[in-house]
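Position chain B against the provided structure of chain A, taking the given hints into account.
For reference, the chains in residue letters:
Number of protein chains: 2
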Amino acid sequence: MEIQSENSKEILYPHVSVDCVLLGIDGEQLCVLLTERKDAGTGKTEYKLPGSLIYETEDLDEAACRILNETTGLKRVLLKQFRSFGSPQRTANKEDVLWLENASKLKIGRIVTVAYLALCKVRKIKISEKYGAAQWTPIASLPRLPFDHQEIIAEAVKEIRIWLDREPAIVFDFLPPLFTAFQLRRTYEIIYNKSMDVRNFHKKMNSLGYVVPTEETEQGMPHRSARYYRFDKKEYNKIRAKLNTI
Amino acid sequence: MEIQSENSKEILYPHVSVDCVLLGIDGEQLCVLLTERKDAGTGKTEYKLPGSLIYETEDLDEAACRILNETTGLKRVLLKQFRSFGSPQRTANKEDVLWLENASKLKIGRIVTVAYLALCKVRKIKISEKYGAAQWTPIASLPRLPFDHQEIIAEAVKEIRIWLDREPAIVFDFLPPLFTAFQLRRTYEIIYNKSMDVRNFHKKMNSLGYVVPTEETEQGMPHRSARYYRFDKKEYNKIRAKLNTI
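So the sequence lines, in the order shown, correspond to chains A and B.
When the letters of the first sequence are read in order and numbered with the working numbering, they come out as residues 1 to 246.
When the letters of the second sequence are read in order and numbered with the working numbering, they come out as residues 1 to 246.
Hints were generated in silico from the structure; no laboratory data involved.
Do not rely on the hints blindly, as some may be mistaken.
Pulled a few chain A residues facing chain B out of the computed Cβ check, cut under 7 Å [as the list claims (entries may be wrong)]: (1) Glu10; (2) Ser84; (3) Val114; (4) Ala118.
Using 20 Å as the maximum straight-line C-alpha spacing, the simulated SDA-like pairs for lysine to any residue come out as follows [to be verified]: (5) A/Lys238 <-> B/Glu167; (6) A/Lys80 <-> B/Arg230; (7) B/Lys204 <-> A/Glu235; (8) B/Lys242 <-> A/Asn200; (9) A/Lys234 <-> B/Arg166; (10) B/Lys233 <-> B/Asp165; (11) B/Lys44 <-> B/Asn93; (12) A/Lys204 <-> A/Pro222; (13) A/Lys203 <-> A/Ala226; (14) A/Lys194 <-> A/Lys80; (15) A/Lys242 <-> B/Lys203; (16) A/Lys234 <-> B/Ile239; (17) B/Lys242 <-> A/Tyr229; (18) B/Lys158 <-> B/Glu189; (19) B/Lys158 <-> B/Lys194; (20) B/Lys242 <-> A/Ala169; (21) B/Lys38 <-> B/Asn102; (22) A/Lys94 <-> A/Glu46; (23) B/Lys80 <-> A/Glu155; (24) B/Lys238 <-> A/Asn237; (25) A/Lys238 <-> B/Ala169; (26) B/Lys234 <-> B/Lys158; (27) A/Lys242 <-> B/Phe172; (28) A/Lys242 <-> B/Val97; (29) B/Lys44 <-> B/Val97; (30) A/Lys107 <-> A/Lys194; (31) A/Lys80 <-> A/Asn200.
According to the in silico footprint, chain A covers these stretches of chain B (three or more CB under 8 Å from chain A) [stated by the list, open to error]: (32) 12-19; (33) 78-88; (34) 104-110; (35) 218-230.
For clarity, every value in this text was computed on a predicted model and none was experimentally measured.
Just so you know, even glycine gets a beta-carbon here, dropped at the ideal spot from N, CA and C.
Okay, chain A solo, but in the shape it has when bound (with noise of 0.2 Å):
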């Protein structure tokens, strides 16, 4: 680093936190994990991403893991480091810093967090009784969320586009093995949050050539019975391949 000013008084010297968005698709709505925070001066009770400030002697990475575990008990979470967020207008709710200060005994002036994103399998992570409080909230109808963690959830959900939009492949991670073009056209819907022309993307399906009709159909369904679908990954692969780097 090279030092622009001789005034240490204007360089920062922060607090550093990581807070983790954990997105999963729980039936029809796309889902954020929060947990609750308690406000020992009000009593209030709030929502909150699982998150906390890092110790001395921790790594980023090894951070995420264990406060993501401190707070819901979760492990074995793929976590990927994906943006840190840094902007004074942080902390500029005061409300949330008294609440911190409350929590940490520290004195909080201005704090980086570094933000970690996983995709989840909602009905496959169990949140063990001990951290009832943590729950899969829509992210249509979020509450209010202490600093700019309504940013860093829309910042994430834009990832998991790009993410989508760049490996394809990812969203039938979302899916069981055979599902239906109806299941298929949700997730999607879900993800990218707008409603689709049915006619048009059955269109497109069909002309991927890795989403291969099955002989197997819905069963014990009250309406006409549809067909099953499954993610042909080899056939994927190939298409990958064309445009992958030579």
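Relative to the frame of chain A, chain B by itself:
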């Protein structure tokens, strides 16, 4: 944030910096832009990534632009935040810490750095004489660098390979509008640091559909003049759309 420990001594209270990795291809090599640092104590000249501590009033992106400008004179470079580095090992070398303490007049403990990345056309980037010390250095022959700058550069190189895998069009940003098969192959070889079989490369290139031969050939060459190719963005986007989400 949740606070896991009542012992505030354990909580990290670091400085935060920005480091900028500008990558470009100079002739036959992948290069990174380094700036000079002079050690006030020993008088030794060493090299480092353009970077600095951030100010109390700055957001991260803002700090990155300021710091690149102040250390190199460069403006309007599209910097993209790609990763934060915060290992306690970053400041393991006492010489680095001493240099920074001398330069900043601050007591330095741990530093978390937010790294930014930009891809450049080396010959189009003019470092003004005022910043004569900044220079493009081949990644294959880096000098000793302070802190974890070696690791940051290595991660930046991995990052552009990932970009290129996902968005193959990026490679044409390094090339003139008309290029030979040799130039395209060399650009890949330089970025991926591996040699490619010429015959296989030609076969693959011709099968892509978006690298199109033109009627023009190289002029004034002693050897048999090579054909020029161009990048067909429209065709590329068509293939891209097939892979894209529905």
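These are the hints, each one checked on the structure:
The beta carbon of A/Glu10 is positioned within 7 Å of a beta carbon in chain B (closest approach about 5 Å), and the interface hint is therefore held. Taking 7 Å as the C-beta cut-off, the interface hint given for A/Ser84 holds, the closest approach to chain B being about 5 Å. Nearest Cβ of chain B to the Cβ of A/Val114: about 5 Å, under the 7 Å cut. The hint holds. Violation of the interface hint for A/Ala118 is found here, the shortest Cβ-Cβ separation to chain B being roughly 17 Å, above the 7 Å cut-off.
At roughly 16 Å between alpha-carbon atoms, A/Lys238 and B/Glu167 fall within 20 Å of each other, so this suggested pair holds. A threshold of 20 Å between alpha carbons decides the hint, and for A/Lys80 with B/Arg230 the separation of about 37 Å lies outside it, so the pair is violated. For the proposed pair B/Lys204 and A/Glu235, the alpha carbon gap of about 18 Å is at most 20 Å, so the pair holds. Pair hint B/Lys242 plus A/Asn200 holds up; C-alpha atoms about 14 Å apart against a cutoff of 20 Å.
Of the pairs offered as hints, the one joining A/Lys234 and B/Arg166 holds, with about 18 Å between alpha carbons and a cut-off of 20 Å not exceeded. Under the criterion of a C-alpha separation no larger than 20 Å, the hint pairing B/Lys233 with B/Asp165 is consistent with the structure, at around 17 Å. Taking the CA atoms of B/Lys44 and B/Asn93, the gap is about 16 Å. The hint holds against a cut of 20 Å. For the hint linking A/Lys204 to A/Pro222, the alpha-carbon distance of about 27 Å lies beyond 20 Å, and the restraint is violated.
Between the alpha carbons of A/Lys203 and A/Ala226 the distance comes to roughly 16 Å, so the proposed pair stays at or under 20 Å and holds. Of the supplied pair hints, the one linking A/Lys194 and A/Lys80 is violated, its CA atoms being roughly 26 Å apart against a limit of 20 Å. At roughly 12 Å between alpha-carbon atoms, A/Lys242 and B/Lys203 fall within 20 Å of each other, so this suggested pair holds. A distance of roughly 18 Å separates the Cα atoms of A/Lys234 and B/Ile239; the hinted pair therefore holds under the 20 Å criterion.
Straight-line distance between C-alpha atoms of B/Lys242 and A/Tyr229 comes to about 18 Å, which keeps the hinted pair within the 20 Å bound. With a CA separation close to 14 Å, the supplied pair B/Lys158 and B/Glu189 stays within the 20 Å bound. The suggested pairing of B/Lys158 with B/Lys194 holds, with an alpha-carbon distance near 14 Å, which does not exceed 20 Å. Distance check on the hinted pair: B/Lys242 and A/Ala169 sit about 13 Å apart at the alpha-carbon level, within 20 Å; holds.
For the hint pairing B/Lys38 with B/Asn102, the CA-to-CA distance comes to about 11 Å; that is within 20 Å, so the pair holds. Using a Cα cut-off of 20 Å, the hinted pair A/Lys94 and A/Glu46 holds, with the two alpha carbons roughly 15 Å apart. For the hint linking B/Lys80 to A/Glu155, the alpha-carbon distance of about 14 Å falls within 20 Å, and the restraint holds. For the proposed pair B/Lys238 and A/Asn237, the alpha carbon gap of about 18 Å is at most 20 Å, so the pair holds.
The suggested pairing of A/Lys238 with B/Ala169 holds, with an alpha-carbon distance near 19 Å, which does not exceed 20 Å. For the hint pairing B/Lys234 with B/Lys158, the CA-to-CA distance comes to about 28 Å; that exceeds 20 Å, so the pair is violated. Restraint check for A/Lys242 and B/Phe172: satisfied, since their Cα atoms lie roughly 16 Å apart, inside the 20 Å limit. At roughly 48 Å between alpha-carbon atoms, A/Lys242 and B/Val97 are farther apart than 20 Å, so this suggested pair is violated.
Between B/Lys44 and B/Val97 the alpha-carbon distance is near 15 Å, which keeps this suggested pair within the 20 Å criterion. As the CA atoms of A/Lys107 and A/Lys194 are separated by approximately 44 Å, the hinted pair breaks the 20 Å bound. For the proposed pair A/Lys80 and A/Asn200, the alpha carbon gap of about 34 Å is over 20 Å, so the pair is violated. Coverage of the segment 12-19 of chain B by chain A holds in this model, with 7 residues showing a Cβ closer than 8 Å to a Cβ of that chain against a need of three.
A stretch counts as covered by a chain when three or more of its residues have a beta carbon under 8 Å from one of that chain; for the segment 78-88 of chain B and chain A the count is 7, and the coverage holds. Figure legend: the segment 104-110 of chain B, annotated as covered by chain A; annotation consistent (4 residues with Cβ-Cβ distances under 8 Å, at least 3 required). For the segment 218-230 of chain B, the assignment as covered by chain A is violated, since 0 residues bring a beta-carbon within under 8 Å of that chain's beta-carbons and 3 are needed.
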